[in-house]
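From first to last, the protein sequence lines are chains W and P.
Position 7, counted from 1, in the first sequence is what the UniProt record's numbering calls 7; the numbers after and before it change by one each time, with no gaps.
Position 50, counted from 1, in the second sequence is what the UniProt record's numbering calls 50; the numbers after and before it change by one each time, with no gaps.
Quick caveat, the hints were computed from the structure, so don't treat them as lab data.
A few of these clues could be false.
[As the list claims (entries may be wrong)] Derived DMTMM-like pairs (lysine to aspartate or glutamate); straight-line CA-CA distance at most 25 Å:
{"id": "1", "chain 1": "W", "residue 1": "K46", "chain 2": "P", "residue 2": "D402"}
{"id": "2", "chain 1": "P", "residue 1": "K255", "chain 2": "W", "residue 2": "D106"}
{"id": "3", "chain 1": "W", "residue 1": "K49", "chain 2": "P", "residue 2": "E215"}
The chain contents come next:
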Amino acid sequence: MLTLTCPCCGIRAEETELAPGGEAHLKRFGPGASDEDFESYLFARKNPKGVHFERWRHAYGCGKWFLAARCTATLEVFGTYKAQNPHPTPEIVAAIRAKRPDWTPDWTETSPAESLTE
Amino acid sequence: MSANPASKSTGRYSVFAIAREAMRLHSGWKRAWASPEPKKKYQVVIVGAGGHGLATAYYLGKNFGITDIAIIEKGWLGGGNTGRNTTIIRSNYLQDPSAAIYDKALKLYENLSQDLNYNVMFSPRGLLMLAQTEHEVRGYKRTVYANQLQNVSTEWVTPERIKKMLPIINIDGPRYPVLGGLYQERGGTARHDAVAWGYARACSAMGMHIIQNCEMTGIETESGRVRAVNTGKGRIECDKLALVVAGHSSVLAEKAGFRLPIESMALQALVSEPIKPCCDLVIMANTVHGYLSQSDKGEMVIGGGTDGFNNYSQRGSWQHVEETIRALIETFPMLSRLKMLRQWGGIVDMTGDRSPILSTTPVENIFVNCGWGTGGFKAIPGSGWAMAELVAKGQPGPLAADFGLNRFREGRFIDESVAAGVAH
């Protein structure tokens, strides 16, 4: 059974306490966006076999949304972090790299000011 | 094409063949399909030797005379979702495009054993979808009316009639009383392995190459067209490439450089110990996420809902098994006394509207057939039929026309997610 530690309340929650919320870090496209962007925002998912970043909600706990880094091929959990982060935190990246040396992030690092890692 | 392509090389299966082999200690049976090494080039390469891939190859040969085909398979033939489903066959869908392709599949299933000269054990025992909420009553009545317009015969049945049809059912609730049901007399089950094996044998007899244990590792493209695929058994050139792999569709699409509106999730099933015949219908209870039928061996075959998160591991979460059983026990109290023998999972490719994708792609000569989600088995012959036309002509025929990838951009969903609930 999947066990994730909620970064908001610190409780190690098992799957029955949690509600999955799909791919994390989606960039929202709204009115005025091109058809391609809007379609990919709504439907085109990475659905990777391997490292994946997801939204979860601690539904039967503190009720807060958070993000998790997981491997979809082995069900390994690399870590969880707060939903306000625009990208996975450096700690998460380090945890993934330790176990998956070949893995490379597919985002470009933004300035530290933009990140809310506290 | 001859009525039965399998007759050329593997020998026709018949009562006379059984008698003949009985006299000589079954020494004359030949392998049902060949295991050749791949050639350098094929006209069509199909990735995925499950039901859909093999059916695509079969109808390419039968309907379009294209037999220079390789079907490459990462694992073993029919070892993915084709061998992991609960074998339910029905065509009582709400939307017209769905009803058309699933009913085509059902009609082909009705004659498939004869067509393939291979007993797929199609058993049209009748299929009943239970309505256990007022919402479902309205939804299924609507489906019955829609089916009448689509020339798919289904009917609405009362709880009293359901109790007569199926004495083991508890229609009184208390939490989810049975309020009626959507009944399709022509629905039923078939032997899932036999469907894959039968198609494989017929494909092999037509001279197609089924190459197992051969994972596709890369796709070579040149100016927007695929030239070759790289596999565990070397480079194979092709004029056309068909990706028919269910759970791993996104992984293959990524190799070809495009994304699909698909998420891969685990779906589980389980079977009980064998018991005497007690249930001669296929029952689906979508409110409580459970479906049930009895196999020819006597096992109760039970399926549930998918897990909610992306997963490629073919292992599901324990609590979904518990939820499924807990829900079914209320409606079928006798199940509580059964031991469960086996439980397994498969990876299903879910689209946003819970309808499949049969489509051209951004790469000119690559075609995809995926997104069947939790309900692919029942569609195998129809899916192969429509996919063969798509691959042969380069554009979809009437059955596949509405299932293109562009429907997501254009908002033309074939929304079965509401109509079918969760279970397929």
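Evaluation of the provided hints:
Straight-line distance between C-alpha atoms of K46/W and D402/P comes to about 24 Å, which keeps the hinted pair within the 25 Å bound. Our distance criterion of 25 Å between C-alpha atoms is met by K255/P and D106/W, whose separation comes to about 16 Å. At most 25 Å may separate the alpha-carbon atoms for a hinted pair to count; K49/W and E215/P meet this at roughly 15 Å.
In this structure, every one of the numbered hints holds.
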